[in-house]
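J.: Here the protein sequences come in this chain order: A, B, C, D and E. With full-length UniProt numbering applied, the first sequence covers 1 to 335. With full-length UniProt numbering applied, the second sequence covers 1 to 324. With full-length UniProt numbering applied, the third sequence covers 1 to 579. With full-length UniProt numbering applied, the fourth sequence covers 1 to 339. With full-length UniProt numbering applied, the fifth sequence covers 1 to 335.
The set of hints was computed from the structure by calculation and includes no laboratory data. You may find that some hints are simply not true.
Pairwise CB distance ranges (calculated) [unchecked claim]:
id : chain 1 : residue 1 : chain 2 : residue 2 : range
1  : E       : Ser190    : A       : Gln11     : 36 to 42 Å
2  : D       : Leu140    : E       : Leu211    : 52 to 58 Å
3  : D       : Arg240    : E       : Ser73     : 25 to 31 Å
4  : B       : Leu304    : E       : Ser52     : 39 to 45 Å
5  : B       : Leu183    : D       : Pro49     : 52 to 58 Å
6  : B       : Leu25     : D       : Arg240    : 37 to 43 Å
Glycine included, every Cβ here is placed at the ideal spot set by N, Cα and C.
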Amino acid sequence: MAVNFPHSTSQPLLEVKDLCVSIPSYGRSVALIEHISFTLREREILGLVGESGSGKSVTATAIMGLLDTPGLKITGSVRFRGQELVGLSARKMRAIRGRDIAMIFQDPMTAFTPVYTVGWQIDEQIMAHERLSRKQARERTVQLLAEMGVPDPTRTANRYPHQLSGGLRQRAVIAMALSCNPTLLIADEPTTALDVTVQAQILELISTLRDTHGSSVLLITHDMGVVAETCDSVMVLYSGRIAETGLAEALFAHPRHPYTTALLNSIPPFYGERPHRLPAIAGTPPAPHERPAGCAFSPRCHDAQTICSTIPPLSPAGNGQQAACFFSTSGQQEH
Amino acid sequence: MLSAFLRRVGQTLIVLFGISVLVFLVFFATPGADPTARIAGRNASPQTMEKVRHEYGFDRPLPFQYATMMKKLFITRDLTSYANRGEQVVPEIIQAAPVTLSLVCGSAVIWLIVSVAMGTLAAAMKGSWVDRTLIMLGLVGISMPVFWLGQVANLISLSRYHDTWLFSWVPGPGYVPLTQNPLAWFKALVIPWCVLAVMFIGIYSRILRADLVALAQEDFMRTARAKGLSPARILVFHGLRTSAITYVSLFGLDFAQLLGGGALLTEVVFGLPGVGRLTYQALTNLDLPLIMATVMYSATFVVLANAVVDILYILLDPRVRDGR
Amino acid sequence: MLRCLTFAARMNFLRASTLAVIAQTLSVSVVILSPAVAMAQNDSQTPPLPHSGGTLRMVAQSSGGTLDPQISYMALTRQFETPVYDTLLAYPKFAGARAVPVIASLAENVPQPEDDGLTYRITLRKGIRFSNGHELNTEDVAASFRRIFKAGSPTAGPYYSHLKGAKECLADPAHCTLKEGITTDPASRTVTFHLDTPDPEFLPRLAWSHSAILPADTPASDTGNTAPPGTGPYRITGYDPTRFLRMERNPYFHEWAHDAQPAGYPDIIEATFGLDQESELTAVENGQFDWMYESIPLDRLGEAGDHFAGQVQIYSQLLYYYAALNTTLPPFDNLKARQALNYAVNRHAMVIYHGGPAVATPICQLIPSGAPGFDSSCAYTKGASPEHPAAEWKAPDLEKARQLVRESGTAGQKITIVAPLDGRYGAMATELRNTLAQLGYDASVRSMTQAVQFSYIQNSDNRVQIALTGWQADYPSASSFLQTLYSCTTIHPHSDNSLNVSAYCNPDIDALMDQSAMLALKDYDASNASWARADRALMAQAPSVPLVQIRRVTLLAKRVHNAIATLNDDLLLSQLQIK
Amino acid sequence: MTTDLQTPASPAPSVSLWRQAARTLLADKGSMTALAVLCIIVLACLLAPLYAHYVAHTDAFASNVAGSIVLNGHEVDIMQPNDNPLHLGLSPIGPTGHTAYLLGADSQGRDIAARLLYGGRNSLMISACAAVLCLFLSTLVGVTAGYFGGITDSILSRLMDIMWAVPVYLFAISLSIITVRHGLQIGPFTIEADNLLIPIIIIALVYVPYAARPVRGRVMVLRQAEFVTAARCLGVPQWRVLLFDILPNVLITLVVLGPLLMALSLLAESALSFLSLGVQAPAASWGTMIQDGEGLIYSRPVVAIAPGLAIVFVVLALNILGDGLRDALDIRNATRRSR
Amino acid sequence: MSIPAPDTTKTLLEVRHLHKTYQLPGRKTLKAVDDISFSVRQGEVLGLVGESGCGKSTLGRCLLRLLPASSGSILFDGQDITRLSERKLRPLRQRLQMVFQDSSASLNPRRRIGDLLAEPLRVHADPINGKHTADMITARLTELLDLVGLPRSALERYPHEFSGGQKQRINIARALTLSPQLIVADEPVSALDVSVQAQIINLFADLQDQLGLTYVFISHDLSVVRQISTRVAVMYLGSIVEIGETDTVLHTPAHPYTSMLTQAIPHPTKGKTGLPAITGDIPSPVSRPSGCHFHPRCPYAQAICREKAPALENVKPSHMVSCHFPLVALQKIYV
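With the hints as constraints, model all of the structure from the sequences given.
T.: Given below as structure tokens:
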């Protein structure tokens with residue numbers, strides 16, 4: 001079932017339905033993500049948030065068609081502008097990748113092939129998708145770098161990745177991703193490896209992209225703060241399943257799923273009173289192969305009941321939010 | 001850059017000096033190594049022995065002898081063999097070098113092409129039967145003693161199947177200079193090339209495959225895929241180009257060792273009068289001037305190759321370029 | 001005198017070229033057998049005219065180093081130098097046992113010893129020119145003999161030290177004048193040699209290659225890779241020790257004595273170096289080369305015999321293999337132990353290691369078949385004893401050997417055999433080790449390159465108990481086998497040049513050998529008979545274990561004829577005809 | 001692939017990494033086949049005397065050129081004369097198909113099959129011991145250089161450089177030539193020239209730079225490892241850090257290097273023996289047998305081919321096993337190149 | 001110059017003019033720690049914050065003599081430990097411990113947990129009873145496991161069988177084995193998931209309560225530092241730019257850099273506040289700008305900032321800042 005964001009009137013750009021990815025392990029199939037469904041509209045920034053192992057990167061790479069581990073099984077549907085991407089031929093997928101959907105990764109340090117200049121690598125992507133000479137490509141590269149706020153873009157284009165600082169590198173990565181004017185940008189933890197001051201700059205850059213380039217962004221992160229700062233809407237993942245979705249402001253103000261609540265509570269507050277002890281969540285997020293039956297969060301949940309041994313459906317929880325919890329509508333556990 | 005270069009030269013000289021002193025001392029510690037009797041001839045009278053001893057300076061202190069030998073080897077370049085009167089060692093090595101060079105270069109071309117093809121193919125088809133077959137082939141290549149493989153090749157091409165169309169063109173063992181008859185040169189060397197290349201094909205295809213497979217996990221490879229590049233382009237421009245750094249550095253060292261005499265077993269089995277065989281002969285005859293010259297020659301190659309590899313590193317890897 | 005010899009073993013291609021060079025022998029050969037050779041002998045009687053011309057291409061594993069004829073001690077180099085240089089006297093250049101004794105070459109006459117063997121007088125032939133056009137004169141002769149000392153010829157001491165003033169020349173070569181030793185009269189072209197003590201072998205030594213006559217202005221040092229001018233039918237025009245040697249006709253040559261230095265048939269003789277034996281054989285079989293210098297490899301003897309019987313060359317040499325027993329170290333300081341090994345060793349097996357009876361024959365005496373003084377006898381075979389020797393070797397006598405070992409009380413001792421590294425030596429050494437093991441010794445083999453081994457076993461410091469080696473004479477004589485190897489004078493402790501490897505010293509036998517040698521100045525046959533007695537007397541003491549005498553087996557191309565192998569010069573390159 | 005895609009760890013509780021690796025290895029068909037082949041070959045070689053004495057009735061060390069055997073009721077010479085007009089040359093008997101001289105005789109009339117087994121004993125023994133000794137020395141050198149660094153490291157590294165600068169076989173040959181004459185004297189101990197210890201020591205020495213390098217690299221990584229820092233922080237003395245923290249982790253490198261080194265040693269041993277510089281007569285090794293067979297390659301190729309195949313099988317099995325170990329222990333990068 | 005601590009208990013650790021420089025090839029020097037002085041009182045928690053490359057980890061390691069200081073001195077409980085020999089230092093090691101960032105890397109993968117925890121007991125004698133007996137060790141290990149909240153069965157297991165949070169508990173337990181007084185914690189929670197991070201922070205707090213520990217707590221995360229610290233020191237390019245009471249420094253920063261940092265952190269409860277306009281990347285510590293190292297990025301920089309490095313001086317009692325133009329007047333107080 002798709003998640004709709006009522007405020008957005010624009011056309012859905014990406015529709016993901018019941019996306020499941022599983023991998024065989026010790027003779028059985030282990031689901032990495034289960035029944036992920038959402039819709040991303042044009043010029044929308046959607047935050048995909050969750051702890052490690054929650055399946056957020058798998059979701060993104062599955063959409064990009066970059067999962068190629070032997071034995072991996074992908075089911076469900078990913079429609080990009082109405083075109084089905086699951087099961088699309090490698091050649092057709094390649095034409096979409098980089099041109100219509102671009103992706104940036106966590107570590108700008110390793111995102112570039114170390115032996116080529118940054119400019120060369122951006123040119124390469126442009127030339128892979130458009131019939132341009134190297135000179136024309138380079139012109140666009142320099143222009144893009146300038147747009148990304150890179151000082152002295154001509155010179156920077158001729159430098160090798162290791163010669164750039166982390167911030168510049170991430171700008172170059174974003175410039176490369178945007179080089180063919182993609183309509184969808186998937187950013188997988190784009191700021192995790194960066195310092196806060198640099199992170200702030202990059203986040204600023206990303207949030208302006210929809211205006212400057214008309215791009216939608218799927219932002220993947222584990223940092224609630226980043227989501228709150230940047231995204232229009234949020235999807236919280238827990239152990240490969242959607243825990244809760246909703247508009248960013250509403251969700252952070254009134255989380256409907258106990259996990260979201262607990263997660264927000266366990267972040268040490270920067271302002272206001274300092275609690276003597278943080279309301280931590282007991283235990284650790286389960287690895288995919290040891291995910292409990294029923295609600296994956298139930299073993300760590302204060303309010304777990306017998307019913308939680310079945311998987312709760314994602315159901316509306318008011319305020320445009322949806323939560324996968326039997327007690328979501330009633331329980332607003334704010335501690 | 002200059003200081004790095006000078007340091008390099010200094011290190012090289014230390015290594016060369018160390019080797020030469022070691023060889024020199026070991027020679028004098030080895031019983032039966034005194035060449036006087038061999039130079040003087042059978043049953044030469046004690047006076048003749050004395051004359052030889054004096055003429056060759058064997059009655060001088062060791063450091064003096066060492067210095068003289070080095071001077072003759074590097075400055076006047078007229079060092080003569082102890083085992084074979086009147087034979088100058090420098091021209092001898094200069095004679096042998098082209099043979100080894102022909103052997104090693106040809107072989108290197110083969111192993112370069114085949115190992116890159118095999119390694120790339122195996123990496124591209126990782127996990128398939130093609131991959132497994134290629135891995136196995138590589139392992140078999142590594143497992144065969146080169147001298148034995150050479151013998152078997154000789155047996156097949158020169159004896160058992162020499163009369164069939166397949167091998168009737170194979171000339172007997174021996175070397176024909178390229179300048180003399182290029183076709184005969186090629187015919188004489190093509191089987192040695194292949195035999196020598198087999199082991200390196202095995203080693204290098206494995207290394208390359210492992211490297212490429214490891215690289216496939218790298219972020220930048222994922223980025224390249226995310227860019228929508230074709231698999232071939234990713235493999236060649238991003239994978240192979242990056243692997244080239246490791247590959248070339250190993251290649252340089254092996255190539256140098258072979259040029260420096262490491263191919264001696266192949267040379268021996270195929271009767272090629274190259275540097276390796278020369279060194280081996282010098283060693284078995286305990287012919288110090290020739291040992292010294294060949295060992296210096298081979299050490300120089302290895303050290304030189306190290307330097308060339310470093311330069312290649314700088315050319316291939318911009319990170320190293322900035323590192324110094 | 002003589003020199004070590006060895007080789008003939010199937011030098012397989014691994015073996016060092018340098019070593020091969022040293023190993024080659026200056027062979028003194030007697031042509032024997034082989035229908036092809038027999039035919040060739042008949043041809044040699046015909047005048048050379050009809051088949052002259054063409055290029056003879058021979059092939060050898062490696063070159064023989066320096067070309068200086070007074071220094072070079074390599075059989076292969078000797079092969080090339082024979083048609084290039086001449087000595088005053090020479091062994092006749094025809095095959096068979098008649099090719100002794102020496103005849104006149106550059107000299108007009110074979111001199112008669114005067115003053116009880118202290119003076120020899122010769123007259124030089126007229127009109128002989130070196131290949132540089134210079135005419136041979138008496139000063140060239142005197143200078144050449146001085147040069148033997150000045151340039152440090154290996155045999156200067158052993159062969160020419162009887163000349164007056166030679167001792168001074170040996171001690172101080174730079175100031176060697178030899179003015180009392182050699183006097184010349186340019187007008188009458190006479191050269192007179194003055195000796196301070198009689199030398200019974202002086203005449204053979206005037207035929208020995210180190211006394212080759214060179215122009216007087218030849219530098220008094222090793223000329224290395226450039227060959228000085230000579231008087232023979234060819235001159236060496238190109239040489240690269242690792243690749244080739246080329247000889248062309250000497251434009252100034254004319255035949256002065258056919259038997260001493262015959263005119264040559266081929267216009268050009270080319271030698272190629274660098275092929276191993278296997279390839280040499282294949283190449284000659286295929287007609288790419290005319291003659292392979294090395295012996296046919298053991299495993300291909302059958303192939304050569306089957307398919308190329310008419311081209312195979314087999315000729316005897318004064319060459320045999322033996323195990324020298326160190327008579328100063330246990331267990332072979334015990335006569336019974338030495339005799340035991342002589343009885344026990346299976347010489348038939350040794351023959352098999354060399355390719356069978358066609359190639360090798362058992363030998364159990366110290367003078368080989370074909371040499372002066374040879375009188376076939378075998379003290380150590382089944383049913384024989386030193387007191388009652390048999391005519392030839394039949395079978396090993398292990399019973400007797402074991403008994404002797406028991407009596408000697410040496411059983412169980414540790415023995416190390418020092419052998420050359422190369423193929424047939426290895427096999428012989430292993431066989432020897434087996435035999436020693438059968439006799440109850442704790443035996444092992446230590447092998448090293450032949451070049452190294454030969455000096456190693458001579459040095460008493462290395463305490464070698466038993467050494468496997470071979471011996472070949474520089475020229476045919478009994479003394480080179482007995483006196484050189486077993487007289488007290490050839491023991492030089494702590495020196496690499498001590499040819500008496502057995503370190504055997506017996507003054508009585510020494511006296512007998514001296515007597516035999518001096519007898520030669522008067523009575524050649526009596527001398528030979530005396531040598532035979534000395535041989536038996538020595539063998540009774542068993543200072544070594546003679547094993548096999550071998551023949552050389554090589555292959556000629558189909559187009560080559562007139563192969564003549566002489567006593568002293570191996571195959572005569574100049575006499576090969578190309579059709 | 002993404003970082004999220006971790007293969008789930010095996011569910012069994014409390015296993016050391018060693019046991020986990022052993023399990024992986026046991027599940028690897030290739031490695032197990034290789035191990036089985038190795039075991040069979042080793043066992044066969046160990047049983048060599050049984051075969052020689054009770055099955056083939058030969059002495060694998062005694063020359064027997066003048067002897068004969070009875071085949072199908074006929075007495076046959078072991079060295080058979082050639083049937084040509086010149087009576088040139090003799091050929092050893094070929095494969096008989098009987099227990100005696102199953103694979104024929106070599107140029108000295110010895111039973112090849114029996115020698116093959118005896119030769120295998122020496123070849124395997126030398127290569128295994130050389131590998132172990134080499135690992136020991138490499139660990140000594142590598143750990144010293146890597147752990148103490150500084151001048152110690154510089155000196156040892158230069159020394160290794162010197163050894164690297166000479167092609168490995170040439171180096172081994174040089175050492176052999178020196179020792180083959182007089183044996184080796186180490187202080188009061190003398191090793192006879194024909195002692196198998198000599199090739200063992202030489203081969204071990206020659207490969208020290210090759211094995212010491214990964215060990216040193218590993219130690220240098222380990223020295224910087226946080227758990228070593230943690231141990232230092234706890235005041236654990238250096239020797240304890242070396243013994244309990246560094247060495248157990250270096251051990252993986254050694255275990256992986258082991259079979260590969262043994263494979264290399266076997267090849268080196270055969271090369272040395274082939275040049276008559278390894279195992280000394282009358283003892284056999286596969287290398288000396290190939291050398292023996294070289295002279296018969298045209299008439300009796302089996303003499304050289306049989307030991308060659310034995311080498312190929314063993315080295316192949318060792319390499320497969322080494323690969324299996326490396327995958328099981330998962331330290332691909334530490335030992336990617338051990339040649 | 002040491003800083004007057006907020007309360008009157010005794011000074012446990014005092015750092016005076018500490019320098020740590022590295023010589024790089026090409027005559028470059030890296031000043032990782034540049035003239036740092038501060039002191040830590042017994043029972044307090046000093047938070048050390050800063051972005052990557054600011055030298056906070058180097059400083060932490062210098063404190064424990066894991067790295068030799070280039071100059072300056074470190075006094076622990078009045079005793080100068082800067083140049084003590086390793087042997088003399090060993091008794092002090094019992095009182096001074098460290099917890100590392102990478103919880104896996106700091107545990108030897110080949111040793112059982114029991115073995116790892118017992119190691120310090122084996123090498124250090126008990127001050128009263130002498131050598132630790134097996135029974136004493138077992139008793140102590142059980143005690144430790146209880147303290148950090150791990151099951152006793154953990155002793156028999158290997159590190160790889162634990163999750164990241166559990167491993168960090170093991171690390172803490174090991175640091176506690178010898179009952180130290182001071183623990184330097186180097187980014188102990190930054191590699192952990194948010195939900196687990198809270199547990200570990202709580203554990204630190206609990207242990208402090210129970211055992212009266214003193215911490216030097218290094219982190220780049222201001223929220224985490226705020227949660228645990230009594231005082232905070234902010235580092236930039238090897239120097240302390242500001243130090244004082246936690247809430248004073250974080251909520252009323254006097255240094256423009258601290259201010260920039262605090263504004264740059266996105267926080268879920270903050271919502272979309274708009275991030276501050278931040279320019280430039282952190283310069284490389286090898287080529288530090290002249291004068292005040294922060295001047296190229298500082299919005300208030302004047303000419304003097306380029307030339308003269310400001311000294312660390314009090315703006316208030318117990319609040320020191322190194323700036324020519326401290327922001328006391330500009331501070332904004334959030335509620």
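J.: If a hint holds in the structure, say so; if it doesn't, say that too.
T.: Comparing the hints with the structure gives:
no.	hint	result
1	E/Ser190 - A/Gln11: 36 to 42 Å	41 Å, holds
2	D/Leu140 - E/Leu211: 52 to 58 Å	44 Å, violated
3	D/Arg240 - E/Ser73: 25 to 31 Å	29 Å, holds
4	B/Leu304 - E/Ser52: 39 to 45 Å	41 Å, holds
5	B/Leu183 - D/Pro49: 52 to 58 Å	54 Å, holds
6	B/Leu25 - D/Arg240: 37 to 43 Å	41 Å, holds
Consistency with the previously given hints fails for number 2 only.
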